[in-house]
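Mind docking chain B on chain A? Use the hints.
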Amino acid sequence: NAGVTQTPKFRILKIGQSMTLQCTQDMNHNYMYWYRQDPGMGLKLIYYSVGAGITDKGEVPNGYNVSRSTTEDFPLRLELAAPSQTSVYFCASSPTERGIEQYFGPGTRLTVT
Amino acid sequence: GNSVTQMEGPVTLSEEAFLTINCTYTATGYPSLFWYVQYPGEGLQLLLKATKADDKGSNKGFEATYRKETTSFHLEKGSVQVSDSAVYFCATGNQGGKLIFGQGTELSVKP
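Chain order of the listed sequences is A and B. Under this note's numbering, the first residue of the first sequence carries the number 1, and numbering increases by one thereafter. Under this note's numbering, the first residue of the second sequence carries the number 1001, and numbering increases by one thereafter.
Treat the hints as calculated values from the structure; they're not laboratory data. Because the structure is a prediction, the values reported are computed rather than measured. Mixed in with the good hints there might be a few duds.
Said to hold, decoys possible - Quick look at which bits of chain A chain B covers, simulated, 3 or more residues with Cβ under 8 Å: (1) 45–59; (2) 68–79; (3) 101–112.
To be verified - Below 25 Å or equal to it, Euclidean Cα-Cα: the simulated SDA-like pairs (lysine to any residue) are: (4) B:K1060 / A:G16; (5) A:K44 / B:T1028; (6) A:K44 / B:Q1045; (7) A:K44 / A:G16; (8) A:K9 / B:E1042.
To be verified - Using C-beta positions, here's what the derived DEER-type ranges look like: (9) B:D1055 / A:Q17: 41 to 49 Å; (10) A:N1 / B:G1001: 39 to 47 Å; (11) B:S1083 / A:I15: 34 to 42 Å; (12) A:S69 / B:P1040: 32 to 40 Å; (13) A:N30 / B:Q1081: 33 to 41 Å; (14) B:L1013 / A:M41: 19 to 27 Å; (15) B:K1110 / A:L80: 39 to 47 Å; (16) A:N65 / B:A1017: 42 to 50 Å; (17) B:N1059 / A:T111: 32 to 40 Å.
Cβ atoms here follow ideal geometry from the backbone N, Cα and C, with glycine treated the same way.
So that you can see chain B by itself, here it is in the shape it has in the complex:
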C-alpha cells in the first residue's frame, strides 16, 4: 500500500529563517499529496495539496511541489514566523478515500 516518510523533528528555527520539511512517498499510481498542520491543542487543518505530478500547492506562504521523478513533496517557506510553530504532517491518498499520514514533524520558531 501507499506510505509516507517525512523528516524527523523537532525542528527549531529563528524567525525569518528558511524552512524545508522533507517528505517522500511510495504509491501505486498517482495519488493526491497533502500537507496538514496541527497547532497546539487543535485538530489537523489542511495546509495545501497537489493532485498530480508537477502541481505546486501553496497557502500562507508555504509551498510544496509534487515531484514524480523523486517521489517527493517537500514543504518550504521562505521566512517563518513564531505563529508557524506547529506539527506538520505529510499525507498521501489511498483507495477508498483514506489518507496515509507521515509521523509528523514538530516545528518550533523562536523570536
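In isolation and in its complexed conformation, chain A is listed as follows:
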C-alpha cells in the first residue's frame, strides 16, 4: 500500500493563479480531509468528506473548493490564489469515524507571491 499520496510536493504560484492539489489514498477509506499548517500553528481543517459525492466545510474553507467523485481521490482546488494561502497542505484519510485515527500524506508546500 502506498497509503496517502499528494502531488505536487512544492509549488510557487503568482497571486490570482489557480491550481489543484491532488490527494489519493489506496486504503479504501471513506473519510478524507484537507488541512493547512501555518508556521508555529497546529493544523486547521479546510474541507472533509465522509464518502464519494459528499463533502463539507471545515474551519477555514474560504478560497478553496473540493470534490469527491471516487473513494480514492480528494482534490483541493485553489481559485485566485492569495498570499494568505501560503502554507503547507496535508491530506489525510480515515477508515471510520470511530477512534478517528487519521493517516496523513507527506504534504504540499505552497508559496503564493
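Same frame as chain A, but now just chain B:
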C-alpha cells in the same frame, strides 16, 4: 466545540533526559485523545491514542494517560533519543470524524 492546549516549545533536552509535554483539553462528552508526531519534512503520524478515561496509550517508549479529572493527556518518555527530535501534536476528536489539533510542540534532543 472541543479544543486542545499544549505546552509551547521549543523544548530542548539532552539525550536520555525525561520528557513531558503537557496537553489539556476541553470537550463535551468523552472524545478520543491522540498524540501525533511530525518528523522534519514529513506528514503527521499517529504516535498513540486513548479512547476512554484512564486509558493509557503507549508506543515507542512514549506514554500518555487519559485523565478525565484534570482534562489532561500529557505525553511522557523516560529517556529521549536524538531520533525523537520532531514536532508533537496533541489532538482530540470531534463530531463527524474530525480532529482538533493543538499548536504543536517542537522537541530537539541533543547528543
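Checked hints:
A stretch counts as covered by a chain when three or more of its residues have a beta carbon under 8 Å from one of that chain; for the segment 45–59 of chain A and chain B the count is 5, and the coverage holds. With 0 residues carrying a beta carbon less than 8 Å from a beta carbon of chain B, the segment 68–79 of chain A misses the three-residue requirement, and the given coverage is violated. For the segment 101–112 of chain A, the stated coverage by chain B holds: 7 residues have a C-beta nearer than 8 Å to a C-beta of that chain, and at least 3 were required. Between the alpha carbons of B:K1060 and A:G16 the distance comes to roughly 45 Å, so the proposed pair goes past 25 Å and is violated.
Restraint check for A:K44 and B:T1028: the C-alpha separation of about 20 Å stays at or below 25 Å, so the hint holds. At roughly 16 Å between alpha-carbon atoms, A:K44 and B:Q1045 fall within 25 Å of each other, so this suggested pair holds. Under the criterion of a C-alpha separation no larger than 25 Å, the hint pairing A:K44 with A:G16 is consistent with the structure, at around 23 Å. The straight-line distance between the Cα atoms of A:K9 and B:E1042 is roughly 11 Å, inside the 25 Å bound, and the hint therefore holds.
A C-beta distance of roughly 47 Å is found between B:D1055 and A:Q17, which places it inside the suggested range of 41 to 49 Å. A C-beta distance of roughly 33 Å is found between A:N1 and B:G1001, which places it outside the suggested range of 39 to 47 Å. Range check, B:S1083 to A:I15: Cβ separation about 40 Å, and the 34 to 42 Å hint holds. Look at A:S69 against B:P1040: about 34 Å separates their beta carbons, and that is inside 32 to 40 Å.
Taking 33 to 41 Å as the suggested C-beta distance range, the pair A:N30 and B:Q1081 conforms, at roughly 37 Å. At roughly 23 Å, the beta-carbon separation of B:L1013 and A:M41 lies within the given 19 to 27 Å, and the hint holds. Between B:K1110 and A:L80, the C-beta spacing of about 45 Å keeps the proposed range 39 to 47 Å intact. About 47 Å separates the C-beta atoms of A:N65 and B:A1017, a value consistent with the hinted range of 42 to 50 Å.
A hinted range of 32 to 40 Å for the beta carbons of B:N1059 and A:T111 is consistent with their spacing of about 34 Å.
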